[in-house]
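Below are the chains, spelled out letter by letter.
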Amino acid sequence: MFELLGIPPQVLLGQLLLGLINGSFYAVLSLGLAVIFGLLNIINFAHGALYMMGAFVAWMLLNYFGIGYWWALILAPVIVGGFGIVLERTILSRLYKLDHLYGLLLTFGLALIIQGLFRNYYGISGLPYQIPAELAGGYNLGFMYLPNYRAWVVIASAAVCFGAWFLIEKTRLGAYLRAATENPTLVGAFGINVPLMVMLTYGAGVALAGFAGVLAAPIYSVNPNMGADLIIVVFAVVVIGGMGSILGAILTGYVLGLVEGLARVFFPEGSAVVIFVIMAIVLLVKPEGLFGRAN
Amino acid sequence: MVPETAGMTRLHLAIFAVLLAFLIILPFFVYPVFAMKVMCFALFAAAFNLLLGFGGLLSFGHAAYFGGASYVAAHAAKVWGLTPELAVLCGTAAAAFLGLVIGSLAIRRQGIYFAMVTLAFAQMVYFLALQLPFTGGEDGLQSVPRGDLFGVFSLQDSIPLYFFVLTITFSGILFLYRIVHSPFGQVLKAIRENEPRAISLGYDVNRYKLMVFVLSATFAGLAGAVKSQVFQLASLTDVHWAMSGEVVLMTLLGGMGTIFGPLAGAAIVVTMQNYLATFGAWVTVIQGVIFVLGVLLFRKGLIGVLAQWLKRPL
Numbered sequence: 088m089f090e091l092l093g094i095p096p097q098v099l100l101g102q103l104l105l106g107l108i109n110g111s112f113y114a115v116l117s118l119g120l121a122v123i124f125g126l127l128n129i130i131n132f133a134h135g136a137l138y139m140m141g142a143f144v145a146w147m148l149l150n151y152f153g154i155g156y157w158w159a160l161i162l163a164p165v166i167v168g169g170f171g172i173v174l175e176r177t178i179l180s181r182l183y184k185l186d187h188l189y190g191l192l193l194t195f196g197l198a199l200i201i202q203g204l205f206r207n208y209y210g211i212s213g214l215p216y217q218i219p220a221e222l223a224g225g226y227n228l229g230f231m232y233l234p235n236y237r238a239w240v241v242i243a244s245a246a247v248c249f250g251a252w253f254l255i256e257k258t259r260l261g262a263y264l265r266a267a268t269e270n271p272t273l274v275g276a277f278g279i280n281v282p283l284m285v286m287l288t289y290g291a292g293v294a295l296a297g298f299a300g301v302l303a304a305p306i307y308s309v310n311p312n313m314g315a316d317l318i319i320v321v322f323a324v325v326v327i328g329g330m331g332s333i334l335g336a337i338l339t340g341y342v343l344g345l346v347e348g349l350a351r352v353f354f355p356e357g358s359a360v361v362i363f364v365i366m367a368i369v370l371l372v373k374p375e376g377l378f379g380r381a382n
Numbered sequence: 118m119v120p121e122t123a124g125m126t127r128l129h130l131a132i133f134a135v136l137l138a139f140l141i142i143l144p145f146f147v148y149p150v151f152a153m154k155v156m157c158f159a160l161f162a163a164a165f166n167l168l169l170g171f172g173g174l175l176s177f178g179h180a181a182y183f184g185g186a187s188y189v190a191a192h193a194a195k196v197w198g199l200t201p202e203l204a205v206l207c208g209t210a211a212a213a214f215l216g217l218v219i220g221s222l223a224i225r226r227q228g229i230y231f232a233m234v235t236l237a238f239a240q241m242v243y244f245l246a247l248q249l250p251f252t253g254g255e256d257g258l259q260s261v262p263r264g265d266l267f268g269v270f271s272l273q274d275s276i277p278l279y280f281f282v283l284t285i286t287f288s289g290i291l292f293l294y295r296i297v298h299s300p301f302g303q304v305l306k307a308i309r310e311n312e313p314r315a316i317s318l319g320y321d322v323n324r325y326k327l328m329v330f331v332l333s334a335t336f337a338g339l340a341g342a343v344k345s346q347v348f349q350l351a352s353l354t355d356v357h358w359a360m361s362g363e364v365v366l367m368t369l370l371g372g373m374g375t376i377f378g379p380l381a382g383a384a385i386v387v388t389m390q391n392y393l394a395t396f397g398a399w400v401t402v403i404q405g406v407i408f409v410l411g412v413l414l415f416r417k418g419l420i421g422v423l424a425q426w427l428k429r430p431l
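If you read the sequences in order, they're chains A and B. Residue numbers for the first sequence follow my numbering, beginning at 88 and rising by one. Residue numbers for the second sequence follow my numbering, beginning at 118 and rising by one.
This is chain B alone, in the form it adopts within the complex (with noise of 0.2 angstroms):
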């Protein structure tokens, strides 16, 4: 591993800012939904690598929290009538509470027990989105209202929305960032690296895995709020376990540990869902395939591959 220094974090923010003007150019090119689509797993990727990547935890239910968000925001801005941002706002929170929960348990047991157990409490959520009187059963909740953004611009427009979306998934992937290369994120990597070492040094790791644990959740939840707002619904589809897998896949298939690769990841999941969509479970097969290929092959992925090519942490 290269040692990070000032030249690397120019690197990346030359980079971000690179991705933030191609961002604010994309709408004009491209359908904005499916920007917008991208731009929320793009994040919701980003969340997962940071519990994955940098805490080394493989959680195997991130959809309770994305999911679980998106709920909570449609709920908020379609019953109550919440203006855009409180909705989001409350989607993120109740996954935060949620992570907290769940996390608090989970840390409880290591490995592949942990992954186990967060996916079983992730189907459990996923029941009760299933049955819980306000989720609308198997329809989910539908025609959620866009709203006006602190009750003033309308957001029934794509291209106003895109810019709300672009600001708040970009705000949060850069955020993320941030935590990577703080302090915290610093003890974070030592943990992974050597656990009982960390103990030795007087960390209480138990409390550094439960916060990584609720941020990871939360920004989850955030890009599971964002994405009810731009679609209008809330569905059984984003709190089923095939999208744990999907996030599971995205931050693989670009590179576990690294800043871009989930974003690169979530980007190529995400159109080859969509122009494969007419082909209906070879999705599900190339998927599959995809995953048994990431981990026989490259398990790096595909930035991890390039940052090693060109000797720097990407």
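The shape of chain A in the complex, shown without the other chains (with noise of 0.2 angstroms):
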């Protein structure tokens, strides 16, 4: 066995899998916000919430329904993003002609209330989540030892990821989304209902952090607070990345993931800070973002 900086593979390896399903979950997050931000020109706070708000609704459908892993995977993020649209109907869009600001301040509120109510019936302990007999186990490839459930996520959420990126980039719905996120004004003249749309769009969004809450839940203990710090961790991928493009943050989000793995193999002290140190780099050399659009 060959060994790096004296560093056994099986430990590299491990941790850069580790950081691909970090890199997983900070992709579909980052994207959700991303998206959201360019028809919204709003900052979702509540993101993190209701990421745990999807981990939690799977628990809920497995513990009070019997509903398995697989319908979750769906009905969750359903469930949240209905969730989404209905905020979005009652409070959002009550914001969009006044300072972006006020739009993080009011979803930091809804992330609060959600946190809150989450912490005071399930405590903050943590609830586990079964993995699917299906994806039980796990293969040993030799060189390491490869959990079924893990491949999974990452596979899963790349999937998930290319679509919206080919539903955003190459369809036409795609390109009305596009073009609102240019001109509503001009989009709406053309007939097209620029409101409704951001309707949908806020609730895709939405859908997508709680499909990554279902894909969490067998990994980490579905718990009040597992957004909340995730979610600052997101925002510091999405000012590196810039939310210009969509691939951009699909992008900056699995490659920070892996950089965090590396941290974690090479200079374990520092692997909570990394990301923040990328961020202060990214913002002395070319603040707009790897990815942004100079304004």
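A couple of the hints might just be wrong.
Dumping the calculated DSS-like pairs for lysine-lysine here, alpha-carbon to alpha-carbon at most 27 angstroms [unchecked claim]:
| hint | chain 1 | residue 1 | chain 2 | residue 2 |
| --- | --- | --- | --- | --- |
| 1 | A | K184 | B | K306 |
| 2 | B | K417 | B | K306 |
| 3 | B | K428 | B | K417 |
| 4 | B | K428 | A | K184 |
| 5 | B | K306 | B | K154 |
| 6 | A | K184 | B | K154 |
| 7 | B | K154 | B | K417 |
Here are some chain B residues pointing at chain A (derived, C-beta under 8 angstroms) [claimed, not checked]:
| hint | residue |
| --- | --- |
| 8 | L175 |
| 9 | F244 |
| 10 | Q248 |
| 11 | L327 |
| 12 | G397 |
| 13 | V406 |
No wet-lab data here; the hints were simulated from the structure. The beta carbon of each residue, even a glycine, is placed where N, CA and C say it ideally should be.
Using the supplied hints, reconstruct the complex from the two chains, each of which is provided in its own coordinate frame.
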């Protein structure tokens, strides 16, 4: 067995896999943030809380209704997305004419409410969620052990990211969406229902967060604080990537997850802060973000 | 906006005088530690308001300076054995330095990105507070000695400590008031209202932004350093993002861009936390509801609405 700088390859590859999994969550969440920001000009602070909600909905479906993982993977994003649509129609839509900062403050308040409610009823200790039977176990690849569920998380999130990218960049619906991001008034003048599109976009962005939550449920314990710290890291990811490009948001998410994994091998003390350090460097060198457009 | 006149300044000074008189007799009627907590948060919110209300910059990471200073001041008092005023000074200086480093990076982005950048750097400070060897990890720094002021006056008892805290926080708030009404403060308002215009008038906008950022961080740090001496504790709560959110809430509730709004907001939020402490997570829910209602219904805040009603800037 070869060794790299004194690090056994099992350790290195194990941490890289872990980084890839974290990167999958960063990618799906920052993709949702970027889509929402593009059309609504709101940074959705509640994104972490809605991710947590996705995990909780999956847990509730299983424990209250006996509905398993595979149905939850479809139902939970739909439920969270529906909840998001209600939020958008009743609350967020009142803010579009105001400074963007109010959107941040308001969604921060929503995040506090959602997290507080879940903490109140479910405590903070975390609830277990079983890995579905079909994905239990794993493969021995010779150089490392690959748990099936972790492989599934990477594949599922990559598929969802690709689907979202394809929908936005390559279809007619996506063209409307991109046009509305540039100039909503003009798109509305062509007879396209922009408010409906805004509503569905928020719903879809939030459903992505819910989907990530279901994926995360069997890996991390389901607890009310699981989204809060994650969303701050995702904000840093979004600052590094810039929100101008869908592909940029996805790539930055994966790459930073891997970088974090590498940091855990070579400089474990700094692994928690490495993304923030990268953000500082990017701000110094290219303040508008790696994929951002200067304005 | 009503133009400021000498009469307005007299009104403000009269309110400050009444407030001071009230605060002098307050510890004889309420629990002094509670009153000191309110004063620390009032200074914290006033410092934050300098940046948001007058500089137009929303920082979502002010806990970094508040909590960072509280750690440094606690360490200085406990490990280095410094007297309280020197410990507070060390904490404040640390916050100023932190504000300079983070501020010079954060002002490279505007608006919503600025808020995210400050939040992310504050989270980095949180991780450092969790991991650095001198911060005590999850426990924080506990049983910080109260010490003797100037090495002479004991601050063991609540009443002398109260007047120490009153002097520092009240002077801090008056100083912030002075900054707002100085030529520097006027330039800040010009930048907030119309940045391109301020640039075309020849102001180095980024320098002003950085200066107000550092000032705001410094006074937030002063508040945090004093708080660590009052509670004899520096903990992760003070550097957590929830603390950054709380100071935004105080300022929003009281009225951003007003003189007395943050003070009122701090008093209300701290009182609320005190009375609702037994309800656990409901406090978070209520804070969230206030955020949502505040943004939807009264963006001017309580004091802002009062000022509009009285037709006088407060």
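Results of checking the hints against the structure:
{"no.": "1", "hint": "A/K184 / B/K306", "verdict": "holds, 22 angstroms"}
{"no.": "2", "hint": "B/K417 / B/K306", "verdict": "holds, 17 angstroms"}
{"no.": "3", "hint": "B/K428 / B/K417", "verdict": "holds, 13 angstroms"}
{"no.": "4", "hint": "B/K428 / A/K184", "verdict": "holds, 26 angstroms"}
{"no.": "5", "hint": "B/K306 / B/K154", "verdict": "violated, 30 angstroms"}
{"no.": "6", "hint": "A/K184 / B/K154", "verdict": "violated, 38 angstroms"}
{"no.": "7", "hint": "B/K154 / B/K417", "verdict": "holds, 25 angstroms"}
{"no.": "8", "hint": "L175", "verdict": "holds, 5 angstroms"}
{"no.": "9", "hint": "F244", "verdict": "holds, 4 angstroms"}
{"no.": "10", "hint": "Q248", "verdict": "holds, 7 angstroms"}
{"no.": "11", "hint": "L327", "verdict": "violated, 14 angstroms"}
{"no.": "12", "hint": "G397", "verdict": "holds, 7 angstroms"}
{"no.": "13", "hint": "V406", "verdict": "holds, 6 angstroms"}
When held up to the earlier numbered hints, the structure conflicts with 5, 6 and 11 and fits the remainder.
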